[in-house]
Amino acid sequence: MENNEKHHIVSYRSYFVILLLLLLFTFISIAITQIELGSYNVAGALLLATIKSGLVLYFFMHLKFDKPYLKLMVGFVMAVFIAVIVITFFDYYYR
Amino acid sequence: MSQVIHHDEHYDPEGSKIGMWLFIFTELLLFGGLFIVYSVYRYLNQDAFHLAAEELNTTVGAINTVILLISSMTIAMSTTALQKKQKATTIVLLEITFMLALVFLINKYFEWGIKFDHGIFPGSEYMKEEMSQGEILFFGLYFVMTGLHALHIIVGMVIMGFALARIKNGTVHENRPSLLENAGLYWHLVDLIWIFLFPLFYLIH
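Those protein sequences? They're chains A and B, same order as listed. FYI, in this note's numbering the residues of the first sequence are 4 to 98. FYI, in this note's numbering the residues of the second sequence are 736 to 940.
Mixed in with the good hints there might be a few duds.
Unchecked claim - To list a few chain B residues with every Cβ distance to chain A over 10 Å, as calculated:
no., residue
1, Thr793
2, Ser807
3, Leu840
4, Tyr844
5, Glu846
6, Ala885
What the hints assert, rightly or not - Straight-line distance between alpha carbons at most 25 Å, and here's what the computed SDA-like set of lysine to any residue pairs gives:
no., chain 1, residue 1, chain 2, residue 2
7, B, Lys903, B, Lys843
8, B, Lys820, A, Ser17
9, B, Lys843, A, Arg16
10, A, Lys67, B, Gly905
11, B, Lys850, B, Leu883
12, A, Lys67, A, Leu27
13, A, Lys70, B, Lys850
14, A, Lys67, A, Leu50
15, B, Lys820, A, Leu50
Since the hints were made in silico from the structure, they are not lab data. Quick caveat, the model's predicted, so the values are computed rather than measured. Backbone N, C-alpha and C define an ideal beta-carbon position, used for all residues, glycine too.
Could you put the whole structure together from the sequences, leaning on the hints where they help?
Here you go:
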């Protein structure tokens, strides 16, 4: 009974490391948006936000230890979202 | 073994996790829709969005980001504590998370309050007279998106309250952790949304 519901216990320490990484990326994104880089500011800030959200999804939300079908479903939702963004911007660029 | 199983106590951790994730997907697409609206309006009103974003206080935004990130860690740690059968630690970590959520809301209250004092709120005369269409759109989106996010913070606190009560009375424990795990998933979603709201509104000029 104990073994068929095996739960992976994540250590306090690894959660703390993830927090440090998230804070580091936050401060980097604040730093790079203080300097004027034009459209690279937007790209850089969004790239760092995407990395941060990956860390939250993978470690805090336990996707790392979840079954493959759940990862697939999350990936599918992301893909739908990206597709909608791409299609919307194609529409606005070529209008 | 069969004598300890009560048939009325249906418990399906896998099922409740899938249910929570399906709900999270709908939330992601709800905010995703708003992000698309934001990016299209930004594309159409680049100068106005640039100007309006400078009104927002990056420091307050950054403090709230740090608060939310720490609270995400503490609720994740409380799941670990529950699995390790450290009931007292679980409760303390969850209470810390709750307090951090409250501090986030208090910051938001003062932040919005200052905007209101400057005459910046949906439908204000000052905005109609002094601001361009693009700036009004920026602040409209700012209030709707951070407001909807703050609503999610409040809902998250209610869920944490339920989880706290049920950990204390013993119905949520190391063999039935689903309520706490789902509260955690929901709280991480709130964090996830803020991770994008912060650069879009406060950082990008």
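Query - Pairwise hint evaluation, Leu50/A against Lys820/B, where the allowed Cα distance is 25 Å at most - result: With a Cα-Cα distance of about 39 Å, the restraint between Lys820/B and Leu50/A is violated, given a limit of 25 Å.
Requested in this report: Assess, step by step, whether the Cα of Lys903/B is no farther than 25 Å from the Cα of Lys843/B, and give holds or violated.
Outcome: violated, 30 Å
Query raised in the report: Given the proposed pairing of Lys67/A with Gly905/B, does the C-alpha separation stay at or below 25 Å?
Result: Outside the cut-off at roughly 29 Å; violated.
Query raised in the report: Against chain A, does Glu846/B keep a CB gap of more than 10 Å to every residue?
Result: holds, 17 Å
**Report entry** Hint consistency between Lys67/A and Leu27/A [alpha-carbon to alpha-carbon, up to 25 Å]
**Finding:** With Cα atoms ~21 Å apart, Lys67/A and Leu27/A stay inside 25 Å; holds.
Query raised in the report: Taking 10 Å as the cut and beta carbons as the points, is Leu840/B off the interface with chain A?
Result: holds, 20 Å
Query raised in the report: Within 25 Å, alpha carbon to alpha carbon, are Lys820/B and Ser17/A?
Result: holds, 19 Å
Query raised in the report: Holds or violated: is the Cβ of Tyr844/B farther than 10 Å from all Cβ atoms of chain A?
Result: For Tyr844/B, whose nearest Cβ neighbour in chain A is about 22 Å away, the distance exceeds 10 Å, so it holds.
**Report entry** Pair hint outcome, Lys67/A versus Leu50/A [Cα-Cα no greater than 25 Å]
**Finding:** holds, 21 Å
**Report entry** No chain A beta carbon within 10 Å of Thr793/B's
**Finding:** violated, 7 Å
Query raised in the report: Is Lys850/B close enough to Leu883/B, meaning Cα to Cα at most 25 Å?
Result: Distance ~17 Å between Lys850/B and Leu883/B Cα, so the pair holds.
Report task. Could you grab the alpha-carbon distance between Lys70/A and Lys850/B and see if it respects the 25 Å cut-off? Result -> This hinted pair is violated, its Cα atoms lying about 46 Å apart.
Checked against the numbered hints given earlier, this structure breaks hints 1, 2, 7, 9, 10, 13, 15; the rest are met.
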